[in-house]
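If you read the sequences in order, they're chains A and B.
Note that our numbering gives residue 86 to position 86 of the first sequence, counting from 1, and the numbers run on in steps of one.
Note that our numbering gives residue 1041 to position 41 of the second sequence, counting from 1, and the numbers run on in steps of one.
I should point out that these hints are in silico values taken from the structure, not numbers from a laboratory.
Do not take every clue at face value.
[Stated by the list, open to error] Sample of chain B residues lacking proximity to chain A, with all beta carbon distances greater than 12 Å (derived):
1. G1040
2. R1044
3. Q1056
4. T1077
5. S1080
6. N1099
7. R1109
8. T1111
9. V1112
[To be verified] To spell it out: a stretch of chain A is covered by chain B in this simulated footprint if at least three of its residues, at any positions, have a beta carbon under 8 Å from a beta carbon of chain B; those stretches are:
10. 23-35
11. 75-83
Since the model is a prediction, treat every value here as computed from it, not as a measurement.
For glycine and all other residues, C-beta sits at the position ideal for the given N, C-alpha and C.
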Amino acid sequence: GQSLEQPSEVTAVEGAIVQINCTYQTSGFYGLSWYQQHDGGAPTFLSYNALDGLEETGRFSSFLSRSDSYGYLLLQELQMKDSASYFCAVRARGGATNKLIFGTGTLLAVQP
Amino acid sequence: DGGITQSPKYLFRKEGQNVTLSCEQNLNHDAMYWYRQDPGQGLRLIYYSQIVNDFQKGDIAEGYSVSREKKESFPLTVTSAQKNPTAFYLCASNPGGMNTEAFFGQGTRLTVV
């Protein structure tokens, strides 16, 4: 089967650094993505890792280790507006086509 | 402006009725997806389509049906066979191939009354 596991909740304070982990199990792997979703809204794309290592985009960085089937999203200089749910996602093989599978989501609460 | 549009934003249905959720995109994307999200939960894949006139079942397809007659449109029908249809439904599109960035609509919140 295919599954992605994330912690359900994380709490941090403004200005801090937080890491959200994701472990995956898929048949065929084409990269790990991260999405942010504010309450009641649409998920928005944050980052993508196809190869091992760290990708940095402003305050957000994402890491991938394909040998460990593991990745994480690192958020620095936390702001109140970063309070949201964060999902990892993989493109997995679905028969002759590929499908986009999402993790269970991590609710990040940023406190003053 | 290019984007993906879902309608309606809120939908109420009586038990035993079928209802169709609309999803339209003008991004010229090949791939389209339907997800279901329950409170505090992740996104579960219902159906997906990589090209026109072709679609595949996702992880929770039972009680749902789709069509992909046009590249721009991927409507989802929630049938009376779906035992627990109250949820937030999200449609997404993606250029296809190895591109992994998905663009989401604003969602339709379906409530069965």
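Consistency of the hints with the structure:
no.	hint	verdict
1	G1040	violated (8 Å)
2	R1044	violated (8 Å)
3	Q1056	violated (6 Å)
4	T1077	holds (20 Å)
5	S1080	holds (26 Å)
6	N1099	violated (9 Å)
7	R1109	violated (8 Å)
8	T1111	holds (14 Å)
9	V1112	holds (19 Å)
10	23-35	holds (count 4)
11	75-83	violated (count 0)
Of the numbered hints listed earlier, those contradicted by the structure are 1, 2, 3, 6, 7, 11.
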